[in-house]
Every structure is written in structure tokens, then in C-alpha cells.
Amino acid sequence: MRWPLLEKRYVVELIAGERRQLVDLVRKGKGLARKIQHAQILLKADQGAGGPGWPDRRIAEAYGVTVLTVERIRQRLVEHGLADALVRRQADQAARRKIDGAAEARLVALACSPPPAGRRRWTIRPLTEKLVELEIVESLGRETPRKTLKKTNLSLG
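Here the sequence shown is numbered in my numbering, starting from 1 and rising by one per residue.
Incorrect hints may appear among the rest.
Simulated restraints, written as ranges between beta carbons of each label pair [stated by the list, open to error]:
| no. | residue 1 | residue 2 | range |
| --- | --- | --- | --- |
| 1 | 66 | 143 | 25 to 33 angstroms |
| 2 | 146 | 26 | 44 to 52 angstroms |
| 3 | 33 | 143 | 27 to 35 angstroms |
Cross-link-like lysine-lysine pairs, in silico, PhoX-like; alpha carbons within 20 angstroms at most [to be verified]:
| no. | residue 1 | residue 2 |
| --- | --- | --- |
| 4 | 44 | 98 |
| 5 | 130 | 98 |
| 6 | 98 | 147 |
| 7 | 150 | 130 |
| 8 | 44 | 28 |
| 9 | 8 | 30 |
| 10 | 28 | 8 |
| 11 | 98 | 150 |
Keep in mind that the hints were calculated from the coordinates and are not lab data.
All residues carry an ideal CB built from backbone N, CA and C; glycine is no exception.
Make the full structure from the sequences, and use the hints.
Here is the structure:
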């Protein structure tokens, strides 16, 4: 089944200064390869006067990326500007972390403390449950404490 052609939501129309900046970046060939590749993608996606206006599928095939990558680069150009479209976005690590430095310290201290009644030693599951019970974290999977303890070279065994 072929999907009907959809109208592009984010249309790239470069002005002369932006086009010149991208062409210079590509011609010099100096800098991060991804930045140069993004510049090439934007130049081919340019729907403005004098731009080739290639379809996303053709751009993706030409530069060895997915159509979704081309769409995201176009979106970043339209929403955030040229500088943001040329660099790869880094995930915000602080927003994803469940355990901060203070919680890590509490986890290590807890792992070094005497084990709960009826156990010879701490294991990951009771540690995780205790962190939630003490309201150090709201919720937690087993991998986070395991990786944290591994990072500190703390052995539970």
C-alpha cells in the first residue's frame, strides 16, 4: 500500500545569507561530519527561490539517513533556527535521572548498613523497596540502583 503524499508541515525556505552560510560550511568540509551532513540536507530541502526542493525520501536516500531524520532537521530549522538545526540535540540527562547525588549517597549508605531482618545481605529488590519506603525516590526500577552501585564499585556479595 502506498501512502498518499502529505503536505510538508515544516517547509524549508532559506534566505540568501543562510544558504551562503550552509554552502560555505559544506565547501570547507571542516567541522563535525554530522553538521556538514545536516547542512547538505537543508540545502537539498530548500523550497525557496533557487533551492532544489528535493522530496524527503530522495534526500534520505542520497545522504544515508531516514526520512524521519530529514523531517526532524527541517522541523528544528523552522522552530529553532539554523544553528540548532545543524547540531544534534543532546538529551537532557538531569531530567531523566531518577537518583541525584544525595539519593546516591543514601543508597550507598543503605547498602553498607546491616541487612533487613531475615536476610544475610542486601539485594537489589529490598534496596529498591527501602528507597521508595523512605521516600528518597517516588518510584524506581531495579536497574537504576544496580547501575549506581556498580558505578561506585560496591559489591553486595
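May I ask which of the numbered hints given earlier this structure violates, with the numbers listed in increasing order? 4, 9 and 10
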